[in-house]
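Once you have looked at the hints, place chains B, C and D on chain A.
Here the protein sequences line up with chains A, B, C and D, keeping their order. FYI, our numbering numbers position 141 of the first sequence as 1129, with every residue one higher than the one before it. FYI, our numbering numbers position 173 of the second sequence as 1161, with every residue one higher than the one before it. FYI, our numbering numbers position 190 of the third sequence as 1178, with every residue one higher than the one before it. FYI, our numbering numbers position 229 of the fourth sequence as 1217, with every residue one higher than the one before it.
FYI, nobody ran anything at the bench for these hints, they're computed from the structure. Possibly wrong hints are sitting among the right ones.
Any copy, or any two copies together, can satisfy a pair, since identical chains are not distinguished.
To be verified - Heads up, simulated EDC-like pairs for lysine to aspartate or glutamate below, C-alpha to C-alpha not over 16 Å straight-line: (1) Lys1171 / Glu1102; (2) Lys994 / Glu1046; (3) Lys994 / Glu1045; (4) Lys1264 / Glu1162; (5) Lys1331 / Glu993; (6) Lys1308 / Glu1046; (7) Lys1171 / Glu1210.
Protein chains: 4
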Amino acid sequence: MDGTEKIGIGVVGYGMIGRLHTMNYRQLRFLYPGALPALVLRAVCTSREETARAAQEEAGFCTAVTETEPLVADTELDVVDVSLPNNLHRPVVEAALAAGKHVYCEKPLAGTIEDARAIKNALDRAPSVRFGMVFQNRFFPAVMKAKEIIDEGRVGRIYTYRAEYLHTGYQSPERPLSWRLRKEEGGSGALADLGSHAIDLVRYLLGEFETVQGHLETFVTERPIAHGASAKGAVTVDDVAWFRATMAGGAVGTVEASRFATGTVDNLRFWVYGEKGALHFDLMDPNYLEWFDESLAGGSYGGERGWRRIQTVQYYPDAKVPPARSPIGWNRAHTENQYQFLKAIAEERDPSPGIVDGLRAQLVIDAVERSAVQNGRVVAVMPE
Amino acid sequence: MDGTEKIGIGVVGYGMIGRLHTMNYRQLRFLYPGALPALVLRAVCTSREETARAAQEEAGFCTAVTETEPLVADTELDVVDVSLPNNLHRPVVEAALAAGKHVYCEKPLAGTIEDARAIKNALDRAPSVRFGMVFQNRFFPAVMKAKEIIDEGRVGRIYTYRAEYLHTGYQSPERPLSWRLRKEEGGSGALADLGSHAIDLVRYLLGEFETVQGHLETFVTERPIAHGASAKGAVTVDDVAWFRATMAGGAVGTVEASRFATGTVDNLRFWVYGEKGALHFDLMDPNYLEWFDESLAGGSYGGERGWRRIQTVQYYPDAKVPPARSPIGWNRAHTENQYQFLKAIAEERDPSPGIVDGLRAQLVIDAVERSAVQNGRVVAVMPE
Amino acid sequence: MDGTEKIGIGVVGYGMIGRLHTMNYRQLRFLYPGALPALVLRAVCTSREETARAAQEEAGFCTAVTETEPLVADTELDVVDVSLPNNLHRPVVEAALAAGKHVYCEKPLAGTIEDARAIKNALDRAPSVRFGMVFQNRFFPAVMKAKEIIDEGRVGRIYTYRAEYLHTGYQSPERPLSWRLRKEEGGSGALADLGSHAIDLVRYLLGEFETVQGHLETFVTERPIAHGASAKGAVTVDDVAWFRATMAGGAVGTVEASRFATGTVDNLRFWVYGEKGALHFDLMDPNYLEWFDESLAGGSYGGERGWRRIQTVQYYPDAKVPPARSPIGWNRAHTENQYQFLKAIAEERDPSPGIVDGLRAQLVIDAVERSAVQNGRVVAVMPE
Amino acid sequence: MDGTEKIGIGVVGYGMIGRLHTMNYRQLRFLYPGALPALVLRAVCTSREETARAAQEEAGFCTAVTETEPLVADTELDVVDVSLPNNLHRPVVEAALAAGKHVYCEKPLAGTIEDARAIKNALDRAPSVRFGMVFQNRFFPAVMKAKEIIDEGRVGRIYTYRAEYLHTGYQSPERPLSWRLRKEEGGSGALADLGSHAIDLVRYLLGEFETVQGHLETFVTERPIAHGASAKGAVTVDDVAWFRATMAGGAVGTVEASRFATGTVDNLRFWVYGEKGALHFDLMDPNYLEWFDESLAGGSYGGERGWRRIQTVQYYPDAKVPPARSPIGWNRAHTENQYQFLKAIAEERDPSPGIVDGLRAQLVIDAVERSAVQNGRVVAVMPE
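Chain A with its partners taken away, still in its complex shape:
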């Protein structure tokens, strides 16, 4: 970089996650000084002019629009950030690709497997465009360290694993319907919303899924259509999803995604059990990776095996603030995901995670849903 490069950014959707991305774009230069071209917040797009204007004011976007077309027509805009509900991803991504803009897309890739494949096909026809996924949980140092330990062969052959993404908050039958509880709007329930993160982490760490055997359950099947309403409507997505999977590499494991796990907060957890060692992580304890080294068996008093809570804290190679040895929270992984995407854009290479990661997670979701409707029989994950 010679200091004159810029990346123009357009944010489509300004709910909680769009606002968060925007806030983060504004702070990247402090966290990673000198590492990126200047970021210019070119445009924000929301469905209503009022909210678009408020977003512009809040964040200092150059323009505020209510349609995708003017946004992707901006010649100084390089990246379209898609922070929309799942079933709205496809048209916006297609418009961005048609205009030659890079895309940064929230998970899951799309609301349906058809949309996901269509996005992939569109991208294949737009070779100069780069596509980044938001799977931010890859970007905790603890998770990156887990990947490193596995890749170095220190876990050895992996026998089994367990991944869970446990939330709470939908237990009360009085909680009314929302788009997240209707298939036609939200696309899917806990499986896509939470399970997509668990699936991506398993893929990131252990490789590809081969077959799955799934079950979906809806505990509260109808809910008030609004707070306090007596009229009720049907819940058409899963409250909880379970599946057992066999991996291409031979490991067997189980995944659970739940919106009914009383007592949990944002507990994305995994355990990997291998020949030479084992790993554990929990997003609610994000500063540590737990690592068990089987080679420490033997010796007095049973040897020295035990789970080591590796203090990964916020050791991001390129980051300057906050100080490395201070605890991090949920948003820190989001900023690193954004940073890595933009760095790839600046360096003209494909970001990771990218389109294949988005599509493959969707294919696993699809397989679990196909198994569940067939009373849990074993089904193969479809190829790309």
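Same frame as chain A, but now just chains B, C and D:
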């Protein structure tokens, strides 16, 4: 009791578990002073005279025998303690019942569902005989407290649960075959050996199983026939078992029993997620029950919900030593199980857990095995 | 607010902490939308023109200066943020006060008790000026919840407490001298640097210190003057500080501040033991307050007493993003401290923590140092 | 051993601890088969004939007495187990030594430093007699592993440490007086009762104490003379004791012993911070030693440093049951202490811990008490 009552005990099998039971019979009067009749160690039975003699010497049994017959013929013997491998339970129990002796039987009830049913039938024909099972994990104060909280309705409707019994130690392919790895000798693998405990705890806390969907996996399919031997033999039992179950009460949960869970020690763990609260226990942290009370939601800073580590330590209502407020270990639950069995014998009532608990756990094991050989389809647990 | 209000900010010092404050000023509007006037980054001041220019560029300050005078002369500047080494606080604060500017001052208040008193005196002569301290650890929801529980009388009479701030990194005798290890530059060692945070938290939660008994220790008394240098210089501050204190309210406790606590990261921890309950917090586990309610004694299996890990996560009453139920890190408390300061400025009231908090922490530091040089005798904390 | 050896044991005092020792003597042969001579429970001595008879009946002692003389006159009695209140240790030990009996003495060695020295002097005049102390907390595998790691030099130079023994239960001012709250009967309060264990562990791990600076506090200074009584009497011992100590090896640390630490159960904890590593143990988590290896610094994502929870569980070299990989509780360390004492007797060598350990702990207690009455000035620990 007028102080003259005695209970005569015969121990059949004097491996690790038989020796442990014997040690515990000798210490019950200290832990629970005045609560039981005098316990008399009448006889020990092992397959070889030499080991039987050594056991007699070590523990002070009145006699040592190598066959069941003379043992059950002892008129001053009231209880037969069955601490044998699973597939040897049936003949010894049948002999005991025929002689009118009470039985204290290690888990699982038997090596096969046929043997289990046969034991139940024999017991039905011996109405004066009482039958106690060893499912000692019910007897941690933390587990009893969990039961109490559920029974009081404080968890409310239970949505999901998770139970795991995770061990390690079989990962090395160099570890040779043993009876525990051959179906014809051990009856089953991780499912019966470890899973039976998890199944019993789930039944104890949540009621009956209705359907299951299971999978069994053997990661190391052949092993040396002895340490260092080049000849190999087939492993014919599961290394790891998984199943998903639907309970009669509507809860859905998963169970995993593993001998390949690197980093675990003796980790029998459960989580129960309900409408009003949640519970967690881990046998490696046996002094605490974790309880989450959903009603503490609301109020400043998000309210005061959180997992409370209830200090159950060793609060056994009838116990005198060790002091209640000191940590306990694995064997303490065994002693309480033996105490509760003998107290029921003294009070002429059926012990709990009893034959039904033994049989029903076996029926769940059977259902999981039937599902597994049918590629994981959903199967119903058979009635008693 | 009518939407036209602005607060002009000048940052003096742009090391790690000045940069962090600046990044945070830029993100406050996202975290707390609509809650504050517009913040304008008027000026940055560093000792060298080059670093000042770089800071201006990075953060978008209107001007960059190398002296305090032009900064405080800016009529549109309302707040001077003092992010300098301790012994440079006094002259900058005095200049700000003389110009009628509000001050946001990093801890500790000053390098010496004389400087601290001088600042307080200058402030007393500037009644229209508001003074805020950075004691950010007050601003974890877990800590605010602890304060609430104590203030509601739920802990009852407090008997004892323990506060620790444990760091590591100075153990290697090869680590060279720096200003933090020389009294003439850094003012003090672990006691002021880390201990000031622990002292403030104890005051915040338990009230005023009355007497202390202290000890300071320097384990590595001389160090290379630069990396790899053979020449050595004296370390003139404490590596570790301990003190026992009696509080005005009758509680007795101990405080430890250490730069030599191998295995720690940023472990600011406290335990409060009272008549009716107990509290625990650890900055490395910032999403939870641990609370023990003594009233849960009694009942079956020893009752239901236990430490409850209250999930405070990021429940800030005025905050919008990140979502409340996601884990937070170290910087989140900094942003809340800045927010609360600016809100007080906007509402024309004194911020909390303020000058009295800065001064009283310094008086405790002073008392510990006086005790330590008198071989640990009990000394009274001086009045303001 | 040729199988004919026997050790005759007399237990003096049959309160909770005397009963526990007795129960343990009866189970040692199961835990450590073949490792010890036969143990014969020769005699029990309590102050009242009724309780002595009951103890005899319960445990099968050959005789029951109410005076020390007949007990020590038994020619087949080899060991006198002193499980009496502290101020009664001296006369019984002296009688035992005069009769040439070995002694197994509960902690602390005596009620006063004068008594402790007298016991030591009597022992010096009885060279054929062996003296064992009960400091059972040395006998957790986790603690033994800590000792091993330190002795191997893996912690390096030790800078600081912290030891705590925290109990609860005396907070209620309604709890009436007892001998444990009166100096003339109990000798001392939390310092001797709990602190003696902490002191012994520090000595065991880190070597000798050199100077101390102590403070004792009594929070509830008078109490009802009996449950519900309106008459009150003075509490004449400490509720809580604190001291800072400098060790002969250069380490500086603090010790706290408290009966007022709400929320604790039996929390004997230590932390050791050294040049190359750190250690942590908590008796309420007795199956693990936490070990931090500083040499794992460096490398990607901040290296791999972290606290490892070494699974020591119950790896006792000579033990057979319970299985090594199952969790242990408080009493397990008692049995190992008894085993090690008896093994030393059988092998005709001095047990460890022995008289020097008892006396030196008492000298530290004495120094803390002397410092406390001099307003906390630094005092030297007296030589033996």
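Hint by hint, here is what the structure shows:
For a Cα distance limit of 16 Å, the shortest separation of Lys1171 from Glu1102 inside one copy, 15 Å, qualifies, whereas the shortest one across copies, 47 Å, does not. In this assembly of identical chains, Lys994 and Glu1046 lie within 16 Å of each other by CA distance solely across copies; the values are 14 Å between and 21 Å within a copy. In this homomeric assembly, Lys994 and Glu1045 come within 16 Å of each other (Cα to Cα) only across copies, at 14 Å, whereas the closest approach inside a single copy is 21 Å. Proximity of Lys1264 and Glu1162 under a CA criterion of 16 Å is satisfied inter-copy only: 14 Å between copies versus 48 Å inside one chain copy.
Within a single copy, Lys1331 and Glu993 get their C-alpha atoms as close as 12 Å, which meets the 16 Å cut-off; across copies the closest is 37 Å, which misses it. In this assembly of identical chains, the alpha carbons of Lys1308 and Glu1046 lie at most 16 Å apart only when taken from different copies (13 Å versus 26 Å within one copy). In this homomeric assembly, Lys1171 and Glu1210 come within 16 Å of each other (Cα to Cα) only inside a single copy, at 13 Å, whereas the closest approach across copies is 47 Å.
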